[in-house]
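There are 2 protein chains.
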Amino acid sequence: MSDVYAARRTRLRERCHAAGSQSAVISRPANVRYLAGAAPHGSVLLLGRREDLLVCPGPLDDRPGEARPDESLRPHLLAGPGGGDPAVAAADLAAAQDADALAVEEHHLTVARHRAIASVAPHLRLTDLGSSVEQLRVVKDEEEISCLRIGAEIADQALGELLESILVGRTERHLALELERRLVDHGADGPAFPTSVATGPNSGRRGHRPTDRRVEEGDFLSVCLGATYRGYRCEIGRTFVIGTSPADWQIELYDLVFAAQRAGRESLVPGAACRDVDRAARQVLDSAGYAEGLQPLTGHGVGLEIAEDPQLAPSAMGKLDACVPVTVEPGVHLPGRGGVRIDDTLVVRPEADGGPELLTITTKELLAL
Amino acid sequence: MSDVYAARRTRLRERCHAAGSQSAVISRPANVRYLAGAAPHGSVLLLGRREDLLVCPGPLDDRPGEARPDESLRPHLLAGPGGGDPAVAAADLAAAQDADALAVEEHHLTVARHRAIASVAPHLRLTDLGSSVEQLRVVKDEEEISCLRIGAEIADQALGELLESILVGRTERHLALELERRLVDHGADGPAFPTSVATGPNSGRRGHRPTDRRVEEGDFLSVCLGATYRGYRCEIGRTFVIGTSPADWQIELYDLVFAAQRAGRESLVPGAACRDVDRAARQVLDSAGYAEGLQPLTGHGVGLEIAEDPQLAPSAMGKLDACVPVTVEPGVHLPGRGGVRIDDTLVVRPEADGGPELLTITTKELLAL
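Those sequence lines, one after another, are chains D and E. When we follow our numbering, the leftmost residue of the first sequence carries the number 4, and every step to the right adds one. When we follow our numbering, the leftmost residue of the second sequence carries the number 4, and every step to the right adds one.
It is worth saying that the hints were derived from the structure and are not from the lab. Predicted, not measured: the structure shown is a model, and the values here were computed from it. Beta carbons: idealized from backbone N, C-alpha and C, even for Gly. There may be inaccurate statements among the hints.
Beyond 10 Å from chain D on every Cβ pair, some chain E residues (computed) [unchecked claim]: (1) Leu-139; (2) Ala-275; (3) Ala-276; (4) Asp-279.
Which residues of chain D face chain E? A partial, calculated answer using Cβ under 8 Å [said to hold, decoys possible]: (5) His-117; (6) Leu-180; (7) Arg-352.
Okay, the calculated beta carbon distance ranges per label pair [unchecked claim]: (8) E:Gly-357 with D:Gly-246: 53 to 61 Å; (9) E:Gly-45 with D:Thr-13: 45 to 53 Å; (10) D:Glu-17 with E:Gln-138: 44 to 52 Å; (11) D:Leu-139 with E:Thr-13: 44 to 52 Å; (12) E:Gly-357 with D:Ser-149: 53 to 61 Å; (13) D:Gly-246 with E:Ala-82: 33 to 41 Å; (14) D:Leu-63 with E:Arg-53: 50 to 58 Å; (15) E:Gln-138 with D:Leu-139: 52 to 60 Å.
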């Protein structure tokens, strides 16, 4: 694995050189982890002229199961409590390697830390690394996809077990906690994001935080969960109906959202414009009269963070590449009544390889539970 | 409650005026919540020359149980998906109120957002608000303390129930999840921080993240958890021994940490220097030969965040005031063997009012479970 991280740093170094900086400090945790194999709390990565260093505020975490930094990378531990800001220390170390320019992540670094860096290394010209690392992270290698695949399996298992249990009378909060326990049982590092369980009038709301409302006969129940596995985060969302016979409006709404979600999935091909994928899903809902109140995104990239580039949205720029994992998650929420969301994580693949790879395989038939 | 938030904003406004700014943008979420009653995701608070506005990226969350913004405060909703950065919009609104200086939280705002503000409002002189709001937050009113007290009761209940169950053979992860479920059962918004359960050689480690290690006979078991109640976060930590007869070294170590923790608690009086409280606890451990490897803090303030000012540390500046809630949490960890941490949340009170108020009342006798 060591080679992987070193190769990523080489790619980033090339970008930095092209932009006129011989060195860079990476502070955003997911970016540090991507380039260093681990991101101990508060650590930053120095991409130096002579040597790369992982600058940590304290000792490394050596517990089993904890992500370890790449072995080709020398950790630099700041001594003692309050040993200072690792970003400032990294700038100092960059200056000691005779750098004259240092790129920083202006979208992550605070103004106060930026000032502290400028004052400790006044001869260093500070430039903006921008979202260079985030851009490198968009296309995943097979190792990363394999982590996402395992995470998706775990989420499918947790969801499947929940569906076998009695649901009526239980609260949204309890169901969410139960799902999170099952994720961990099946080997997840933890939930990829706060599990959402929405019943009745809450159903179909994106990012709904569970309340004390109890599941009732006749409810829609929407669930959205994901597992983190070795740092990689996936997402699955399903909507069910409680009781033996869904109402007509429920069946109609479900079929509509299902059609929208399928249209989105089917448009996931390498080279597709992100906004076209969004439009494919969105226009199904638009043309049925649900243009108002649709969520701003119909999907997004996933990886070391749960919401990464690309965005599948009306104003999104850019095209999809192969090996980019994204969610497709249209939904409709009718205030006071509830609604439907269906959410999968898929990997964009060329048609010759069988088209988009569905990672979250729980059925999307409308189950009456 | 509306008066409370308006009064807080008035105090902040006075500080801003004294520092030469007629207006300010508050972006740090806990600070927004403190001044506005709620901090919808991504929102910022404009303290304007003519009017204060809560600038939100999208519609307000109107679910029952969700914190609502102060009614005296006008919400300003940015229209449509991707309606822009609320901090930038707030700067624009400040300029429209004829401000010529705008204070921002440089310790929270990123360099990129700061640049965006400067470019949208080039005639506005940007100054640093520093940690003005954090300083206002240190001394709590009785309403805030009451939320902490309820949170502490919830944590005590969750912990008490766990102690009645069978522990041997269960993993750290499961015990942690179980505690978090119980917190929510008893009415917490959620855990105040990731629950820590540490067994055997892991026991006594501050912030230990639960692993798959199972509880064994003869183990020390240290648990640290807290509830969030109406946004306020408290903390309790206890160490137990598993099995009927603790070893001599366990009893000795426990008694030592208990003595250190008591010394810390007893030194919590209004006017005490923070470093003296730290020293009171620390010197008990130092003089027993545990100077090496002690954690940098023996306690910290709590409130809308789990780690607030003041810090109880050797280099801490400042003195304690009445109505400041703090943790006292010394611990010793012996590599390979385990250790002890004891952690309470208390409110500093004058001696005439009975001295420090203990919020977390679970027994600190060494229980053999």
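Against the structure, the hints come out as follows:
1. Leu-139: 19 Å, holds
2. Ala-275: For Ala-275 (chain E), whose nearest Cβ neighbour in chain D is about 21 Å away, the distance exceeds 10 Å, so it holds.
3. Ala-276: Check passes; 17 Å lies beyond 10 Å.
4. Asp-279: With a cut-off of 10 Å, Asp-279 (chain E) remains clear of chain D, as the shortest Cβ separation is near 17 Å.
5. His-117: 5 Å, holds
6. Leu-180: Holds, about 5 Å.
7. Arg-352: 28 Å, violated
8. E:Gly-357 with D:Gly-246: 53 to 61 Å: 56 Å, holds
9. E:Gly-45 with D:Thr-13: 45 to 53 Å: Given range 45 to 53 Å: violated, Cβ gap about 36 Å.
10. D:Glu-17 with E:Gln-138: 44 to 52 Å: 46 Å, holds
11. D:Leu-139 with E:Thr-13: 44 to 52 Å: 48 Å, holds
12. E:Gly-357 with D:Ser-149: 53 to 61 Å: Given a distance of about 60 Å, which is inside 53 to 61 Å, the answer is holds.
13. D:Gly-246 with E:Ala-82: 33 to 41 Å: Cβ of Gly-246 (chain D) to Cβ of Ala-82 (chain E): about 39 Å, so the range 33 to 41 Å holds.
14. D:Leu-63 with E:Arg-53: 50 to 58 Å: For Arg-53 (chain E) against Leu-63 (chain D), whose Cβ atoms are near 53 Å apart, the range 50 to 58 Å holds.
15. E:Gln-138 with D:Leu-139: 52 to 60 Å: 40 Å, violated
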